[in-house]
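For the record, the sequence lines run as chains A and B.
For the first sequence, counting from 1, position 289 maps to 288 in numbering that gives the first Met the number 0; every step adds exactly one.
For the second sequence, counting from 1, position 231 maps to 230 in numbering that gives the first Met the number 0; every step adds exactly one.
Don't read these hints as lab results, they were simulated from the structure.
Ideal Cβ positions, reconstructed from N, Cα and C, are used throughout, including at glycine.
Misleading hints may appear alongside valid ones.
To be verified - Here chain B is said to cover these stretches of chain A; the calculated rule only asks that three of the stretch's residues, wherever they fall, bring their Cβ under 8 Å from a Cβ of chain B: (1) 33-43; (2) 113-127; (3) 292-305; (4) 330-336.
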Amino acid sequence: MSTIISLDEFITDEWYPGFKPAFEHAPYYVEPFRTFNKADEERFWFLDFHWPRGLTPLGLIWNEDGYNWGTQYAAENLPLPPGRGLTNRIGGIHLYGSPIDVQSPYEIGERAQRMGAYLPNFLQNFDSIWAERRDEVERGWQHFVALDTASMSLPELSMMLKEARAFHKRAFEIHFEIMYPLLVNYLGFYGMCAEMGLDVSQIGKFLQGYDTKIMETDRELWKLTRAAKQAGLADVFARTEPQDLVATLDGMGGSAAAWMTQFRDFLQVYGYRTEGSCDVALPSWIEDPTPALGTIKSFIAKEEEHDFEKALAGAIEERETAIDAARSQLTAEEQTAFDAGVASCQAANFPWWQDDHNYYIDLKVSLPLRWAARAIAERTGADQADDGLFLFWPELTAVADGEKSLDSYKSLIEARHQYFDHWHSRRASMPKVLGTVPEAVTDPVLIEIFGLNQHFLNAIQAAGTDGDVKTLTGVPASKGKARGKARVFNNADNLHTLETGEILVCESTSPNWTPAFAKIAACVCDGGGMLSHAAIVGREYGVPTVTAVGLATVVIEDGDEVEVDGDTGTVTVYKSS
Amino acid sequence: MSGQAPEHILWIDSADPQEALALTGAKMGRLAEMSRDGLSIPLAFAITIDGFREHVGSAGLDEVIDAHLAEVDPDHSESVEKAATAIRSAFRDTPMAPELAEEIEAAYDELSDRCSDLNVPVAVRSSATGEDSADASFAGIFDTYLGISGAQATIEAVRDCWASLFTTRAVDYRLKRGISHHDMPMAVGVVELVHARASGVAFSVHPVTGKADRIVIEANWGWGEAVVQGLVTPDHVEVGKADRRILKHTVSSKDVVSAFDFAAGVVVEVPMPGRLRERACLNEEQIAAIADAVLLIEERYGYPVDVEWVVSRHRREGEPIAIVQSRPVTTAVQEAAPAAYDPMALAQKYIFAGGR
């Protein structure tokens, strides 16, 4: 029997105080984004780890244009044979996702034919296709970076807001248009490896050791760390809180000023990124460099510098060893197909892209929307610019177009701030899944992207049976063993406070969590699998990592002593109290 | 052969394979084929189906058999079992005609001489005839006695093999398929028992997946009975056919060994000595020799085979492996492994169909 987790608590006509969604106000492809209703209990919903803070009213544009439109557009047009993309609902302010399955075997077969005709050209020309799409996003990006919102009129800002939404939406069409074929290629290779009797837990290794834009950013942060030490700033960093570092360093002059120039140059290249995926509520590092400075501060405190060259060489060596070991088990005929599969998956590399694309899309493309919304709010007399983020799209455009005053929303905005804070603080206790929990998940997107594998489901279904769990298990995602003090993070807001040698425990990680891997002794995630962000980065950094533990963030508390075995997927918890 | 008295004894190494197949059944007939093809086959003779017919005919067994079978109700297993038991005890109580016994004794002595032994230990094997696939269909139903020594013991074992034509399973099987035992007279092979260092089975196609690009070998120390009967988890080896590369060599913890009990004069299953349990029983050279033999047999037959092989204690490096049995494999051969990489077809087949 399948488990049913009630979603009664989340059934509502409103998204936030004072806004009844008119579902038709944004076009949708297969299914609109809407609030929960009772019928949704028959479907399976998972709390999406990408948005651990929850989303503000304007942030829900993502749910419409990215999550629903982007996935459904790509899944229908390519098409993706078994699914029509994702749909999502909101529990308070938190995103619950669910796949839209294609039911008819005939239709799945037809869709597979179409994808099969499309795929060879895509895979052969992946480099140029991805470069073309990156260029498209970059062209749009240059358009918005060149705008000076301070000197723009309200009608111009209104235009910018609408352009920014179009840009954001298009970026996510591209995102899923690229992601799905890469995923199909990866899954085909996975199926072949399984059929050949290879250990599928090794497949991630075959595809590791390729540099990404995210890793490039981390190397630059280490360069800045070195420069700060050479400039004699180690003590300043040590005694200053991250949020005070800009003011302190700017006020020092001399070598500190020179270093800050270097830091600002870095930000111009790498600083247009947020501390989380696709969320207008998040500032970029340019707006608030605290996360970058906090990371540098903790890098300085680390005795040994992370050796990127060595880690990368290690990852490459591990890759080649794993490939050789797999090949040696295959017949000459199988080797031919395997070699072709490895070559194809390395050239059109799904795990690599899963990290790399974040630099171009997920961490960036919400920023123009944010800039426009804040500028409009400021221009129309808001108490604080972020008030613009607490209006829904029809409300904000009405304000931008002069049809409504921002003032008329003042009390609503206040109520919505409270609503946000209330639900934000509830994140850690939000149900991980809602509705009808299946015995097994077969949807490859859910397994590979969201880590909803058997480990996770088993852990969820075994939940609540005892409060005395000492040993947790999950997917052994990155090898090695480590023991240390647990630090449980529900989001990345205070990630820079991680100390060297601590063990990171979280729902899941995103690219903005990557710098933490240079400090932590091990990583434990509720969700994920062999290919989730933490697994990939754990292997690149040589950090023992166990994913899909299910309830790690519930069972483990700050300060618990934790032993992580990345070879067996075991996490042993020694309670501190 | 027309015009001459029927032959009761056929020497496998000098027999015409076609004649051997007709007179001594599939099991011994294939040994004759392999012998002709230059494979290393232990010395052997067979008591032909004419020998069997003469025994059941002259000793009045035919009438006994028919009488018991006439009373059987095929739908009642108890009735089948009762008839089968009665027929087998009739076989045991019926002495062999002296002329036939003398022929077997003479052949046994000759085998001993040719093996430079006094009372050479032999394997006495049932070799069914009749339908094409008789050997495969009845695999494991008829008796085999390993390690029989001496002419009298051999004659007893021959009679037991004949009687095993009437085990309950065999009778039941024939009744259900409407086969008369007259259509499948039982030949018996008397085969020099190779002094086994290690033995086992080998398949020219994966017996489970049907993949035809590899040879699968299962091996244990001593004789092959423990492997054939599934009493031990054997070492598992896979060899690629195209380049003879060892793809997999899993050494198991082997708890049971088929060993020769000198006091009883038979091969029996005993606990594996600790020092051998975890040790690989084949080296690369031996694996290559087994692969050579299996591929040669498959090539000659033109279809996938499974074989029983023995590494003799006296075998030296470079010498062929002894083959004691071969037969067509019953596994359905799978289409060739995909030589090209087609991700959509693979994803559709293995993932999107919910296969994971």
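Hint by hint, here is what the structure shows:
1. Interface restraint, the stretch 33-43 of chain A with chain B: violated (0 residues with C-beta to C-beta distance below 8 Å; minimum three).
2. Only when three residues or more bring their CB closer than 8 Å to a CB of chain B does the claim for the stretch 113-127 of chain A stand; here the count is 4, and the claim holds.
3. Here's how the stretch 292-305 of chain A fares: 0 of its residues keep a CB closer than 8 Å to some CB of chain B, so the rule of at least three is not met and the hint is violated.
4. Beta-carbon proximity to chain B at under 8 Å applies to 6 residues in the stretch 330-336 of chain A; the threshold of 3 is reached and the given coverage holds.
Consistency note: the structure conflicts with the earlier hints numbered 1, 3.
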